[in-house]
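Novice: Hey, can you work out the whole structure from these sequences and the hints?
For the record, the sequence lines run as chains A and B.
The opening position of the first sequence corresponds to residue 36 in the working numbering, with each subsequent residue numbered one higher.
The opening position of the second sequence corresponds to residue 2 in the working numbering, with each subsequent residue numbered one higher.
What the hints contain is simulated information worked out from the structure, not anything from laboratory work.
All C-beta atoms in this analysis are idealised placements derived from N, C-alpha and C, irrespective of residue type, glycine included.
Misleading hints may appear alongside valid ones.
Partial pick of chain A residues on the chain B-facing surface, computed with a CB cut under 10 Å [to be verified]: (1) Pro49; (2) Ile53; (3) Tyr71; (4) Pro79; (5) Lys91; (6) Arg95; (7) Ala136; (8) Gly137.
What follows is the residue order along each chain.
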Amino acid sequence: QKEVEQNSGPLSVPEGAIASLNCTYSDRGSQSFFWYRQYSGKSPELIMFIYSNGDKEDGRFTAQLNKASQYVSLLIRDSQPSDSATYLCAGGRRDDMRFGAGTRLTVKP
Amino acid sequence: EPEVTQTPSHQVTQMGQEVILRCVPISNHLYFYWYRQILGQKVEFLVSFYNNEISEKSEIFDDQFSVERPDGSNFTLKIRSTKLEDSAMYFCASIGESPLHFGNGTRLTVT
Numbered sequence: 036q037k038e039v040e041q042n043s044g045p046l047s048v049p050e051g052a053i054a055s056l057n058c059t060y061s062d063r064g065s066q067s068f069f070w071y072r073q074y075s076g077k078s079p080e081l082i083m084f085i086y087s088n089g090d091k092e093d094g095r096f097t098a099q100l101n102k103a104s105q106y107v108s109l110l111i112r113d114s115q116p117s118d119s120a121t122y123l124c125a126g127g128r129r130d131d132m133r134f135g136a137g138t139r140l141t142v143k144p
Numbered sequence: 002e003p004e005v006t007q008t009p010s011h012q013v014t015q016m017g018q019e020v021i022l023r024c025v026p027i028s029n030h031l032y033f034y035w036y037r038q039i040l041g042q043k044v045e046f047l048v049s050f051y052n053n054e055i056s057e058k059s060e061i062f063d064d065q066f067s068v069e070r071p072d073g074s075n076f077t078l079k080i081r082s083t084k085l086e087d088s089a090m091y092f093c094a095s096i097g098e099s100p101l102h103f104g105n106g107t108r109l110t111v112t
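Specialist: Rendered as structure tokens:
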């Protein structure tokens, strides 16, 4: 069974703090990993993608991938109230991309 | 920036009726997907399509579902005889050199 698991949340952090979102996956053949933000009733919006082991930074966001541990994470630095949303982790092969259940993040002013 | 386009945005149908959900993926993308999200639940993989055939499908994608790429641009999901539990948001997505991009979704309501 190909599964992507996310830490259950919900997660609440104060404004300016670092939010840490975690995800594990079961399929060792997974090659591509994505983080999406989703607002209620809307489609997932791509935030970051990562294909290689290590860290990838884009502004306030850092994605981390560890294929040996089958683990991918997203760090949001200097969290803002506008970052409040559900964050979805996705990973897998090109023809089979699975999603985690999502982590609801609230950033409190 | 190119985007994935889905129509209609909302479809209401009666139980037992057939529905066709339509998608236009990003033009140079090679893999196409359908996902389902029941209200308040996770995004569930239904099927992927590559080189004009189904590449992978989940246990959800049973004989009631079919996909087709009738021409060079459209990608459709057909549900043959809708059930109440088919009510959900259906998202089309595509991937190529650029990452997995989603359409805005079709909200299917089965009454």
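Novice: So, for every hint listed, does it hold in this structure?
Specialist: Checked hints:
1. Pro49: violated (27 Å)
2. Ile53: Because about 24 Å separates Ile53(A) from the closest Cβ in chain B, which is outside the 10 Å limit, the hint is violated.
3. Tyr71: holds (8 Å)
4. Pro79: holds (5 Å)
5. Lys91: violated (12 Å)
6. Arg95: violated (19 Å)
7. Ala136: Holds. Min distance 4 Å.
8. Gly137: holds (6 Å)
Figure legend: structure checked against the earlier numbered hints; hints not met, in rising order: 1, 2, 5, 6.
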